[in-house]
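Student: Chains U and V, in that order, are what the protein sequence lines are. Residues 1 to 303, numbered by full-length UniProt numbering, are exactly what the first sequence covers, in order. Residues 1 to 189, numbered by full-length UniProt numbering, are exactly what the second sequence covers, in order.
Just so you know, these hints were derived from the structure itself, not from any lab. Honestly, I wouldn't trust all of these hints.
[Said to hold, decoys possible] Far from chain V, some chain U residues (derived; all Cβ distances over 12 Å):
| # | residue |
| --- | --- |
| 1 | L21 |
| 2 | I24 |
| 3 | L56 |
| 4 | V68 |
| 5 | K76 |
| 6 | N106 |
| 7 | P113 |
| 8 | P132 |
[Stated by the list, open to error] Example chain V residues on the side facing chain U (calculated, C-beta under 8 Å, incomplete):
| # | residue |
| --- | --- |
| 9 | S3 |
| 10 | A5 |
| 11 | L8 |
| 12 | A113 |
| 13 | N114 |
| 14 | G117 |
| 15 | V118 |
| 16 | A121 |
[To be verified] Pairwise CB distance ranges, derived in the manner of DEER restraints:
| # | chain 1 | residue 1 | chain 2 | residue 2 | range |
| --- | --- | --- | --- | --- | --- |
| 17 | V | V22 | U | G61 | 54 to 62 Å |
| 18 | U | L109 | V | M26 | 29 to 37 Å |
| 19 | V | G55 | U | D177 | 56 to 64 Å |
| 20 | V | P101 | U | E69 | 57 to 65 Å |
| 21 | V | M26 | U | D118 | 44 to 52 Å |
| 22 | V | P101 | U | M1 | 55 to 63 Å |
| 23 | V | G55 | U | P158 | 56 to 64 Å |
Heads up, the beta-carbon is just placed ideally off N, CA and C, and yes, glycines get one too.
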Amino acid sequence: MTEHYVFHSMGIPIHITIVGLPKIEADEAVAKAEIVFNEYDFRFSRFKPESELMALNMSNGSWHKVGVELFQVIKKCVALSAETDGAFDPSVGGILASYGYGLPENFILQSNPPTYRDLAFNDRELLIRLAPGQILEPACIVKGMAIDATGKALEKVPGFMINVGGDILTKGNYEGDSVWNIAVQAPSNPDAIVCAVGLANSGMATSGVYQTKGEQNGKKWHHLVNMKNRRPANGVVSATVIAETCERADTEASLAILLGPIQATARLERSGLPYFLIDEEGNVHKNSAFAKLEVPIQSLINN
Amino acid sequence: MPSFAKNLQKFFVFFFTATSVVLVVMGVSRIKKSETLLEAFTPAPGSPLALNTLGSTTIKGDSVQTPWGDAVTSITVKNGKIIAATMPSIPDSPPSVYAVPILIDQAVRAGSANIQGVSGATYTSIAFKTSLESAISKAETQGQTIVANAPTAGSITTAKPSVPRKYRERDREQDDEEHEDDDEDEWDD
Chain U
1 MTEHYVFHSM GIPIHITIVG LPKIEADEAV AKAEIVFNEY DFRFSRFKPE SELMALNMSN
61 GSWHKVGVEL FQVIKKCVAL SAETDGAFDP SVGGILASYG YGLPENFILQ SNPPTYRDLA
121 FNDRELLIRL APGQILEPAC IVKGMAIDAT GKALEKVPGF MINVGGDILT KGNYEGDSVW
181 NIAVQAPSNP DAIVCAVGLA NSGMATSGVY QTKGEQNGKK WHHLVNMKNR RPANGVVSAT
241 VIAETCERAD TEASLAILLG PIQATARLER SGLPYFLIDE EGNVHKNSAF AKLEVPIQSL
301 INN
Chain V
1 MPSFAKNLQK FFVFFFTATS VVLVVMGVSR IKKSETLLEA FTPAPGSPLA LNTLGSTTIK
61 GDSVQTPWGD AVTSITVKNG KIIAATMPSI PDSPPSVYAV PILIDQAVRA GSANIQGVSG
121 ATYTSIAFKT SLESAISKAE TQGQTIVANA PTAGSITTAK PSVPRKYRER DREQDDEEHE
181 DDDEDEWDD
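Excised from the complex, chain V in its bound form:
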């Protein structure tokens, strides 16, 4: 075989080997990258951040089933870092986009709410009538006098108020014997 053909053959062998090695390395690194991305899967609010998205990639996450349909999150990646993420948007779910405050005070006062507690309510957990009533009856056994919706005079107060401040203030506006103690909400977080 002429040496030229031999060299050409060598060249081709080397060239294709090198090319395939490069391709394999690229493929592996891509797979690796997507693995770490999965780990760092970061759905975050779709805040309109001013981002430099040059050279970035947007990747959609798996869709997750919800009672209202499938939710999909996407992340934007640049140089191996997540620079943006969209929250899983849940289609047609009641308050999925915007927190709509619904007044419950009236329902609670009327005793018609089937709610046993309110999370995040600092004033007290009491969110329904029966509980309020028991609190009042307990307060009364401790020597307090509480008359609903009527100012009371000369009531006896104890050091540890048992009725939530919210209701105390409303029901006993005239009572100026409030305690400093009442203003402490020490363990909020």
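Excised from the complex, chain U in its bound form:
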């Protein structure tokens, strides 16, 4: 039995496919999933004025008490920032807000905006102090975390796929014991794909500079900003990573875009994770771990 569900949370449609359960149990599982996503949205959204994250973002340079989940998320972000020497930085929220993407509204960026190094933590009291004018956006890891948490909530489901805006977690098998066939979207065309893999019990995420973008004062922007130079990253237009969790896949895919082709491939080769990158010229860079999972597209669309 296969059931498909689509609901709306975190500002995007969420698609869940459940295999191997009677419909009534599948319905229950998806209701659970919806609760998990709404909780994450409520806590970590930079688009909801009432979220815990926005309360922190509005705390204006004074010590602010947060829940342990948000505390850990921001700590994780800072660790990633240190690892990437600041190419990734949760302070990107300020830049995105200045583009008009998310809250606060009408945000004007300082000429020398604060970085992750300006954050202060009190581990015992769970306090965080932002620098004045600092806006945090931890979405890079939060979306994957929400997907993994949902996966845990669906522990008893024999087979599922959770797909949130193209970030995917699968468990078990699809119909007839086959693996889940997941394609990778073409960066240039939303109706086209460039490759497909058979995915089992893994997270898979594709980050692309084509996804969220806009134009401000005649300058084009997208949401993946290298915080070292505070400009939208270039070099890699699409990065797909497969990992044991969706959080890891999502984080590594985003970092691959931020770091650019040379550093990204070095980092991914060290990690050993299957990866598939497309650079500006349209060239594909992938490792053998990814190639092993690949399924020829023609075998999937000609039957």
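Given chain U, work out where chain V should sit, using these hints.
Tutor: For chain V alone, kept in the frame of chain U given last:
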């Protein structure tokens, strides 16, 4: 023994000891270097960077087996730093060199694609017909009216659209009751 011969002997002993020490040190440092290089093994795209390759060394990595043959990566090293790297080229693998977009929309609409999801697709994950159908049926239970490929008038919309925007727009072009909410793709990365 004359002192000259003694001195010569001393000289030779000193000379060979020194030479072998130098050789050993050189050897060890080379081994060490290659170890750190292995750690920093950095295959990267063969971007035609304008590099000053004077005094650099190019080192080939181990070949890695793939379903299509062996893949080899090489790096170029200068002063202990990697200044260039070539990506592992996988011989004869289907789209290993260039990303070839293959249109799936037609196949998806015809319901003939054996694809359960599309990674990186912001619009929605729904990439096949059965899923679209269930989304539509769910939307209908929520009070929406959706007629495929025909403009609908006076349909009721709910605050949380359940059908991907892509399909909504295509199927309901005449419906001007769109929500601001639809344009938010808040959690992309």
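Student: Next, verify each hint and record whether it holds.
Tutor: How the hints compare with the structure:
| no. | hint | result |
| --- | --- | --- |
| 1 | L21 | holds, 15 Å |
| 2 | I24 | holds, 15 Å |
| 3 | L56 | holds, 17 Å |
| 4 | V68 | holds, 22 Å |
| 5 | K76 | holds, 14 Å |
| 6 | N106 | holds, 17 Å |
| 7 | P113 | holds, 20 Å |
| 8 | P132 | holds, 25 Å |
| 9 | S3 | violated, 61 Å |
| 10 | A5 | violated, 59 Å |
| 11 | L8 | violated, 54 Å |
| 12 | A113 | holds, 5 Å |
| 13 | N114 | holds, 5 Å |
| 14 | G117 | holds, 5 Å |
| 15 | V118 | holds, 5 Å |
| 16 | A121 | holds, 4 Å |
| 17 | V/V22 with U/G61: 54 to 62 Å | holds, 60 Å |
| 18 | U/L109 with V/M26: 29 to 37 Å | violated, 53 Å |
| 19 | V/G55 with U/D177: 56 to 64 Å | holds, 57 Å |
| 20 | V/P101 with U/E69: 57 to 65 Å | violated, 39 Å |
| 21 | V/M26 with U/D118: 44 to 52 Å | holds, 47 Å |
| 22 | V/P101 with U/M1: 55 to 63 Å | violated, 34 Å |
| 23 | V/G55 with U/P158: 56 to 64 Å | holds, 60 Å |
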